[in-house]
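Visitor: Which chain is which? The protein sequence lines are Z and V, in order.
So the numbering used here is basically just the index in the first sequence, starting at one, shifted up by 1147.
So the numbering used here is basically just the index in the second sequence, starting at one, shifted up by 12.
Derived by calculation from the structure, the hints in this document are not laboratory data.
C-beta: ideal position from N, C-alpha, C; glycine also.
Where hints are given, some of them may not hold.
[Said to hold, decoys possible] Across the chosen pairs, the derived CB separations fall in these ranges:
1) V:Leu68 - Z:Arg1555: 17 to 23 Å
2) Z:Arg1552 - V:Thr60: 27 to 33 Å
3) V:Met13 - Z:Gln1581: 48 to 54 Å
4) V:Leu65 - Z:Arg1552: 35 to 41 Å
[Said to hold, decoys possible] Here are a few chain V residues that sit away from chain Z, every Cβ distance over 10 Å (derived from the structure):
5) Met13
6) His22
7) Glu52
8) Leu65
9) Gly69
10) Gly74
[What the hints assert, rightly or not] If you want the footprint, here are the derived chain Z segments under chain V, 3+ residues with CB under 8 Å:
11) 1341-1350
12) 1419-1429
Given next are the chains, with one letter for each unit.
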Amino acid sequence: MFTSLQLNVVHASASKPAERRNTDRPILLVGFQHQGNLGLGYLASTLKEAGYRVVTCDFEAPTQSIVETARQIDPIIIGFSLIFQFYVERFALLMRSLRASGCHSHFTIGGHFPSLSPVETLKLVPEVDSVVRFEGEMTLLEMADLIGADDEWRNVQGIAYRAAGEVVTNHLRPLIEDLDCLPYPERNFEPEKALGRRALPLLASRGCARTCSFCSIQTFYRMAPGKIVRTRKPAKVVEEMHKLHEERDISIFLFQDDDFPLFGPVWKRWAEEFVQELHNSGLVGRMIWKINCRADAVDPELFAKMRDAGLYLVYMGLESGNEEGLKTLHKQVTVEQNLRAVKILKEVGLLFEFGFMLFDPSSTLDSVRENLNFLRHILSDGCAAAVFCRMLPYEGTPIKDELERNGRLRGDICHPDYDFLDPRVTALYSALSQTLDVWGWIHGYRALSPQLNWAWNEVAIISRLFPKLPDFPEYQLKLRFITAVSNASLFEIVDDLITYAETGKRLKWTPFALHSMRRQFLDQLLRERDAFISRHQNKLMGALHPEASALEDSLRV
Amino acid sequence: MNLPEELVFHRKWWWDPIDMEIFKKFEANVQQQLIAVSLETQAQMLKTQAAGLEKLGNVLKGGR
């Protein structure tokens, strides 16, 4: 068995001349493909540009089909992209099945958890040969070149591996300075669709300059040498959008940037240039786009300009509605700033979604109540459906280290957890998870709130990418009403649960009653939505397929 | 309602592995509790039945 001792070995970069590259055997990449995995996409396109054949398997595919693919193509390397640390065991099982089937390819793994915890990864997954740490495009290419040519790969910069029972971590490779040097990511998956309009993800930047305590992105980009946040050239981003619009009929672009470049004078200029490029390209009016950003970046003037250039949805990490919570999470924003951001987005007429942690390690019954009142304040008008979760201490986050120092960390590496300071908060949380069935109301693809939010997405898409529909305002009013009543009910339930945790007073609700209430909201939503869409299906289908519609008209004449 | 495929309410987008994993755990807890309660009830019922049978046995024995 190896120990946890790490040896930092100084190695020069072992880049290999292209003429010695042996691309006879392909490379297999395995990772989540749901909603498009741009990380895998960039790895695949970089390898392909160098002449390799790359096959990608969805991690959710049956193990046997992944094993069969590996058997058929006999890859040089199988690269596993591990996004969520709680899937470590499942990745280990898959690797075991591959090895059991006689697969001798080199197994390497990348992603947040392996990058930040290579020793633990190599310990938890004995089948893995190496860890590619941090941005992996150049490292994986170099590994493929060396392993493909049967050369020594252990000197490659940015990897970790086992040697003589110990883990060796090589010097880290600097982050990629110019993101526009990378080829466009491979997107060999079917775009998601919303009312027939096709959507794909893309990136305008990498990295996040902020230091939220619950997020491992900051550690990920700070540990590796190089500039933390790198933005692409606005013209290059628009060029990629144009290509996707022309070649794949994409009209919804989902920016996956950790924090879309907006904050401060330099990034504000970047955003303005991006908007200008969109206008110059002729894309405005033919596509819409979504961004992720922080509340302190929301500015009325800039967001109105972005709205006019197609911005339709803003996802914000609000995270808390009380000052102590925001401090614990190190958000470096105030409740006032969060409220201001929401107010601006409503005034500018932009749809918004948000991340919110009703519970965090500093939670008290009072702070949970404050959080609930914050949600009431921003959502009572039914502009969006209420969602919330509990903060979990992921690997590589400052808050996980702090909980560990204070002896509050529980669970294991795959299922990290913590204790609340007040046992009544633990009781509240447990009652909330069990009575309310958060799974049915807030989380998961069949839950009520996400479906309400999806209906609002459709509203934004109809208003931007379809012709005017006569009773559209009435439909929006109905949707607003259903969302507002659903939110109010949810808040009342949580309020009641807080009182239960505080006083032990019997609950007014049974899980069965809540289930049927939720079901009623959902039925009402689907009834109104389907009736509206059904009334206008000819017009909507005509807009989606103008040629077919024109042909039909001419035949009718 | 019969809508063309493209216009059907699309729900797949929110499938979120983080959510899935966290709340699957809670669901499992709830299920376990329900199973425990039901087993307890069953055990209670069996105990009652056993006691009843014992009584019946005694009566029959006495009758003989």
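Visitor: Which earlier hints can't be squared with this structure?
Guide: Violated: hints 1, 2, 3, 4, 5, 6, 12.
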